[in-house]
Each structure stands twice: as C-alpha cells, then as structure tokens.
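K.L.:
Listed below are the residues making up each chain.
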Amino acid sequence: DVKVTQSSRYLVKRTGEKVFLECVQDMDHENMFWYRQDPGLGLRLIYFSYDVKMKEKGDIPEGYSVSREKKERFSLILESASTNQTSMYLCASTPTTGAKPYGYTFGSGTRLTVV
Amino acid sequence: DQQVKQNSPSLSVQEGRISILNCDYTNSMFDYFLWYKKYPAEGPTFLISISSIKDKNEDGRFTVFLNKSAKHLSLHIVPSQPGDSAVYFCAAWMAGTALIFGKGTTLSVSS
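These protein sequences, in sequence, are chains D and F.
Read in order, the letters of the first sequence are residues 18 to 132 in our numbering.
Read in order, the letters of the second sequence are residues 2 to 112 in our numbering.
One should not assume that every hint holds.
Using 20 Å as the maximum straight-line C-alpha spacing, the simulated SDA-like pairs for lysine to any residue come out as follows [to be verified]: (1) D/Lys72 - F/Lys57; (2) F/Lys38 - D/Gly57; (3) F/Lys6 - D/Arg61; (4) D/Lys88 - F/Lys38; (5) D/Lys74 - F/Thr98; (6) D/Lys20 - F/Ala42; (7) D/Lys20 - F/Thr46; (8) D/Lys20 - F/Leu48; (9) D/Lys20 - F/Tyr40; (10) F/Lys57 - D/Gly120.
If you are wondering where the hints come from, they were derived from the structure by calculation, not from laboratory data.
Only a predicted model underlies this, so the values are computations on that prediction, with no experimental measurement involved.
Please model the complete structure; the sequences and the hints are all you need to start from.
P.N.:
Below, the structure written as structure tokens:
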C-alpha cells in the first residue's frame, strides 16, 4: 500500500514563526500536493510538484513556499506564520498517469494552530 | 470562482435508505470526476471515479451518475450504513492539472 506520511499530527506555533510541514511518500510517485482544509471551504490547493525541484502554485499560495529536493519528500513552508493559517494541512501523492488520474493518496493531515 | 460546487453542506439519512450527494461543475473540459470520503482526523480516501465519456459507474453500494449537459454528477449510496457517516468531497480533473475539490457534504446516517 502507498503510504504518505506527514511528520506531525498536531502543531502549535506562534505568530511570526517559520514553520516547516514535512511529507514523505514511499511509492516513487512523481506528483505531490499540499492542500489545506477549512470548514465550509473544502480542500484548497496550495502548491504542487510534478518532479524534483519543480513546483507550481495552486489556488492559495500566498504566505507559503515549498521545497522538493528529493522525489519522496515535499515540504511546505510557512515563511511567517499568521493566525489565518490555522488549518488542517493535507499532503497527497499520485503517479504520473497521462490520460487518466489515479486517486490521490493522502496523508493523515497536520492540524496546525497559530497563536 | 468555484469550478466544483457542492451546494448541500449536510445530509441526514436513515440506515438502509438511499443517500444522494450532488455536485455541479462549470468547466466542460474536465476529463474525470472523483469522489472522496473523509473521516475526522484522517486524510481523504478515494471512493469512486467516472470518466467524462461515461454516464454511470458502479462499485458495490456506490454509484456515480454523470449528466454532462447539466454539468452535474451525483453519488448514490444504497443501502446507507452508519459507517458511511463522513464528509464526501467531489473532485474534478483534467490532464496536466491537480484535482479541484468541492467544499464537501457531511453525510450522517442514523441507525
């Protein structure tokens, strides 16, 4: 089974801190994604990556950056955490499939609280 | 601008009855539509998908119907079970892009 592991289930950080959320997948997937989930807003795409060192902005990239130095690891960085970044963060991966999507495999999520 | 819309935030159904979750989309270029299920404190899990060239796909108790002219799809769960209580997300995909999700519908199945 594909496994997507997010390093922390719960995090509490202070406003202004630099925050790193780590995600590792073990099935050699090319594509990795960061979403955030908020009540009433669903899952919104922050950033995604189709290959090592490649990144693409999603719908809400402001205040975030990403790093993908190795194929299995995709990090989300909050440059200066703010209270409106309190959210559930979900990482996902999927292989490159061409004409048909395989279902994304999601991690269990990181519940981040910024105080 | 929302491309995938789930207009019902919640749905309550009795055990054994049918659950129908609805989803509308605006972009006719989507190639596939997918449904995900999410329990609290867990990541979403893939449930069922349908190609834009099909109008129905069935997998056990789950059936997805696609009406391209209306840009509408629905997920039917028959019979509904208490373990189906979760948030259901509709998602759309086209080649070269990431999945676009709706806001989700919380399904509650009572016994």
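K.L.:
Provide an ascending list of the numbers of those earlier hints which the structure does not satisfy.
P.N.:
Hints 1, 4 are the ones this structure does not satisfy, whereas the remaining hints hold.
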